[in-house]
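Participant: Protein sequences appear in the order of chains A, B and C. First residue of the first sequence: 0, per numbering that gives the first Met the number 0; consecutive thereafter. First residue of the second sequence: 0, per numbering that gives the first Met the number 0; consecutive thereafter. First residue of the third sequence: 0, per numbering that gives the first Met the number 0; consecutive thereafter.
It should be emphasised that the hints constitute simulated quantities derived from the structure, not laboratory data. Some hints could be false.
Some residues of chain C that are not near chain B, with every Cβ distance over 10 Å (derived) [said to hold, decoys possible]:
| # | residue |
| --- | --- |
| 1 | Trp27 |
| 2 | Leu85 |
| 3 | Glu136 |
| 4 | Ile144 |
| 5 | Phe163 |
| 6 | Phe165 |
| 7 | Ala190 |
| 8 | Glu204 |
| 9 | Arg208 |
| 10 | Arg217 |
| 11 | Arg311 |
To be clear about the criterion: a stretch of chain A counts as covered by chain C if any three or more of its residues have a C-beta under 8 Å from a C-beta of chain C, and this derived list gives those stretches [claimed, not checked]:
| # | region |
| --- | --- |
| 12 | 109-121 |
| 13 | 172-180 |
| 14 | 189-196 |
| 15 | 203-214 |
| 16 | 313-323 |
Please read all numbers here as calculations on a predicted model, not as lab measurements. Cβ coordinates follow ideal geometry from the N, Cα and C atoms, glycine included.
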Amino acid sequence: MIAKFGSSWLSVWLLLLGAVLSSCRSSDAGKTEAEPASGPSSAPAATSDAIKVGLIVPFSGPFASLGAQIEGGVKAYLDTHGGAIDGRKVELLVRDTTGLAPDVAKRLAQGLIVRDQVDFIAGFALTPNAMAVAPLATEAKKPMVIMNAATSSITTKSPYVVRVSLTLPQVTAPLATWALKNGIRNVYSLVSDYAPGADAEAQFKKTFEAGGGKVVAADKVPVNNPDFAPFIQRIKDAKPEAVFVFVPAGTQGIAFMKAARERGLTEAGIRIIATGDLTEDQQIDPMGDSALGVVTTHHYSAAHASPENEAFKAAFAKVAGTQLRPNFMAVGGYDGMAAIAAVVHRLGPGKIDGDKAIEAFKGLELSSPRGPIRIDPETRDVIQTVYVRKVEKRGDNYYNVEFEEYPAQKDPGK
Amino acid sequence: MASFFGIVFDGVAYGSLLFLISIGLSVTMGLMNIVNLAHGAFAMFGGYLSVWLGARGVPFLATLPVCFVALGLAGAACERLFYQRLRRRSQLDQVLFTIGFTFAAVAAATFVWGPAEQRVDLPAALRGQVQLFGVGLGAYRLFLIALVAVLSAGLVALVEKTTFGARVRAAVDDEHVSAGLGIPVERVFCLTFAFGSGLAGLGGALCIDVLGLEPTFALKYLVYFLLVVSVGGAGSLAGTAVASIVLGLFDVAGKYYVPEVGAFIIYGLMIVLLLVFPAGLYGRRT
Amino acid sequence: MSSSGVPPIAPRELGLDERFGRLEIGFWLLAVAAFFALPGYLVLASQVLIAGLFALSLDLILGYAGIVSLGHAAFFGVGAYVAGLLSVRGHGEALSGLLAAAAAAGAVGFCTSFLIVGGHGLTRLMVTLAVGLSLHEAANQASSITGGSDGLSGMETSDLFGLFAFDMLGKTAYLYVLAVCFASFLLVRRAVHSPFGLSLRGIRENERRMHAIGAPVRRRLIEVYTLAAALAGVAGALSAQTTEFVGIEALGFDRSAGALVMLVLGGAGRAYGAFVGSCLFMLLQTIFADIHPAYWQFWMGCAVMLIAFFARGGILGYASAVFERLAIVRRGRAAPRPGT
C-alpha cells in the first residue's frame, strides 16, 4: 500500500522531518551573534567563558520600532566597550517576539535558558511578555533585566526581575505635582483604554487630587484610535485649564497632536501636559509645530546635556544608523547592558550564579545617559530623576528640553 | 449646536477618507470578485511614494497624481502576473495569496523606510483652520471632502456615461456573453484593477496626514476598509459612499456623545447593519 | 472544484479511514518520536500542536461547513481565560480545567451562532470579525477579572495526576498536549465520518439543495459551530495551562487570522491540513527568524504567496493532486492498449 501511494507522500514526511532536524542544527550554530571588538584591543585575550545575554524584544509587527531601539541601545553599549566585559566576550542572542505574544516570549525565553544556556535574559518591551516569562526566571534562577516594560507590578512577579527602564506611575506623579505648583487647578484626563492608561489616570488623579486639584472629567480612548477629533471637541467643551494625556508611545501620540493642532486646543487656552510617551524622541519630528510648548515628564530626553548622553547618541548612530533617533527605550537597552556589565564585573570570573547576580544588582548605581540611576534594593526597581520638559525647536528638529527635575523618584505604584 | 456641526463635519471628513481607499477595494471585490486583502498594501505604498517624492522637494499636491498613476501601473502589473490567474481560483486561495503579499509588503516597507512613522509636509494652504458658520473646520479635511465629492462625480460619470464604464458593467454582469460580443474582457478587468489600485495609492497618499504612515498601515486599517465594502455592498459606488459616511459619522458621534461605549459602537453597528442588510446597503445578491 | 476551495465529495473519500490509515499512524508516531528526538524543542512542538488543534477547530466550520470566520479566536480566548481563572483561584487541575473551558467556549459559540448561521460570504465574515473584536474589547474592559491588557498572571497548573509536574523543560506539557490533541482528533474524525459530517459537506456544497431535501440546515450549522467553539476552547485552555499565563491577544484578530492562514496553507477540508499547516507555518517562521529576526515576515510572505499560487487547496491539496496524477499514470500503464 505504501508503494501505491508512491514516493510523493513519503517525501513530504521526509522533507518535514529533515526540515525539523536541520532547523535544530542551524539554530544551534547560527543563533549566537558575537560582538566584534571594535576599539583598540586593550582588553586581555578573551577568556573561554563568554557571557551570554538573551534579548527578547519585538522586531516585527506593530511594535517593531521598540525592538529596533532596544537592540540599538544594547549594541551601542557593547560597541563602546569592545564587546566584552573584563575580557569575557559578550554573546548577544536576539529573539523576535513578533509583538504582543506572551506564549511566544515564554517559549523563546525557555529556549534561551535551556538550549542556549544564557546567563541573563533581557529586553521585554511589552508588559504581558514580561509577565509570562517572570515565573520562568524564578524556576531557572536566571536574572531577568527589564529594559522597557513600565507596569509597576512586573518586579513583584519574580525575585529575579530587575528593571532599569521606568514605571508609569513614577513619571506621572511628578507631573501632577508640577501642575499643582504652577497653578493648574482643574484638569481633563485623556488616556488610552488599556491597563497602562488606567494606571496613568489613577496615579495622576491620586497625586493631583491629594494636592487640592480636581480632575474634571476622564475619557478613555480606544487603543489604535485613528481620529482624536471628537475627544478634542469634548475637551474644548469642558474648558479645563489643562488636559493630561497618556497614549502609547508612537503613532497615537502623533494622531493626538495633529487633531489638537487642527481643532485649536492650545488656542482655546487649554495646556497640554502629558507623560513623555506623547512626545518621545523617535516620533517628535513628525509632529512638527503642533507639539511646541507641550509640557511632559519623563526620565530621558535626547536633548539632555551630559557627556554620557553625547557618547551614547554617537554610539547609537554608529550601530543603528541615523534613520532612528534614540529614545528612552534605547537608553533602557544601553543601561540594561551597563547594569549587566557592572554585575559581571562585581561577581568576578567563573560561572554567573543567579542569586549572587540579583544581590549584586540590588543597590547598583549607574551614570546613565539620562542622569544618575539606582536599583532599589528592596523592590529591584529603578530609582531615577524625572525631568519636566517642554517641546522646543532647534534648527530643523524638535526636542524635549528639560527645565526642571525631581531627583531620586521611586515607583509610587508599590 | 456649533459642536454638533463640528462633529458632523468631522464624521463626514473621516468617512470621506474611508471612501477614498475603500472604493478601490469595492471595485476589485465587487466587480472582479477577487478578495484582495493586499489593497491596504497598495495604499501604503502610495503613501510611501508621496513621502519619498516629498523628501526630494516635490510639493505634496503634485505627488498625488504621480501616486495614482504609479500604483495604477503597479496594479496592472500585478493583475497580469498574479490576479489574472487568481481570479479563477477559490476565494481561500486568494485570501492566502493576498495575505502573504501584505506580510511581504509590510516587511519590505520596514526594511526600506524603518518602523517609525513618516513625516509629511502639507502645503501651507492646507494647514490650520477655516472659519465657517462660526466653527473652525480643519482645512485639510475640507480639502478631503471636496476631493471625494469631485472623485465620486467623476466615477459616476465614468461608469454611467463612458464606453469603458459600459464595458465594465457588461463584463461584470456576464463575462462570457460580453466576451462573445467582442468586449476585450481581460483588458477591461486589467484596467479596472489598475484603476482600483491607483485609487488606493491616491487614498494612501492623502491619508498620511490623518491616519499616519508606518509599515503596519497595510494591516491596521484593512478591517475598516473591509467593513465599508461589506456594509455598502461590494461593487456599488453609492453603497460604498453611503457606508463610509454612515460609519464615519457614527464613529465620530459615538466617541463624542458616549465615549464610555467606545469601540463597541462600531462593532455593534457592524453587526446590526450586516444582519439587516445581508447583501450590503446597495449590494447585489451574487 | 467548489468556489470555497475545498475538495468536493468523491466516492473515494468515504473510505478515508482505510486509505490514509498508515499515514495517519505515521503522523502520530512522528509526534511521539519528537518527544525523544527533540528534547530541547518540546515547548515549540507543544505550541505547534496547540495551533494545529485550533486550526482544526476552524477547519470544522470552514473546511466542512463552509463558514469562513475571522473571529474564531474569541472561543480560544474564552477557553484560555476560563482555564486561567480557575487556576488563579486555586483550581489548577488540568483536565477539569479543560472540560470547563470546552463547556464555556461551547456555550459562547452556541449563543453567537445565531448571528452567523443566517448570513453568507463577506457579510458573515465581517459578523464573525465583529463578534471576535467585541469579545476582545470586553476582555479589555473587564480588567479586574481578566487583567485587561496586562494579562492574567499567577496561574499554576497542578501536577498532572498528582505525579507529573509542568516544568520548564516542557516534557509533561508536550505529552499532555499530544494526548489531548489525539483525543480531539479522534472526536473530530468520528463527527466528520458520520451522517452529521456528510450533511455538513452537503451544506457546504449546495445549501439550497439541502434545504430542498429537508435537511435541518440551520440546526446542523449551530451544532457544528458550537462543537468548533468548544474545540477552540480546549486549544485555548491547553495554551493557558502550558504557558501559565493568559494574554488578551488570545482573543485577538492576529490569532484568528493566523489560524486561517495555517489552515489554508495546509489544506482546508482535509483532516490533517490543520496540523500540516501549523507545522509548516511555525517551522518556517522559526527558520526565517533565525536568519534575520527583523525581516522574517518578508520570506514568510513570499513562501505563503508561492504556496497559494502553485498549490491548489494547500499543501495537502497539492499532494493529493500529485498523487492522483501518479495513480492515473499507473492505471494508464496497467490498462490494456486499444487494439491488442
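Participant: Evaluate each hint against the coordinates.
Facilitator: The hints, checked one at a time:
no. : hint    : verdict
1   : Trp27   : holds, 27 Å
2   : Leu85   : holds, 27 Å
3   : Glu136  : violated, 5 Å
4   : Ile144  : holds, 17 Å
5   : Phe163  : holds, 39 Å
6   : Phe165  : holds, 33 Å
7   : Ala190  : holds, 22 Å
8   : Glu204  : holds, 13 Å
9   : Arg208  : holds, 18 Å
10  : Arg217  : holds, 15 Å
11  : Arg311  : violated, 7 Å
12  : 109-121 : holds (count 5)
13  : 172-180 : violated (count 0)
14  : 189-196 : holds (count 4)
15  : 203-214 : violated (count 0)
16  : 313-323 : violated (count 0)
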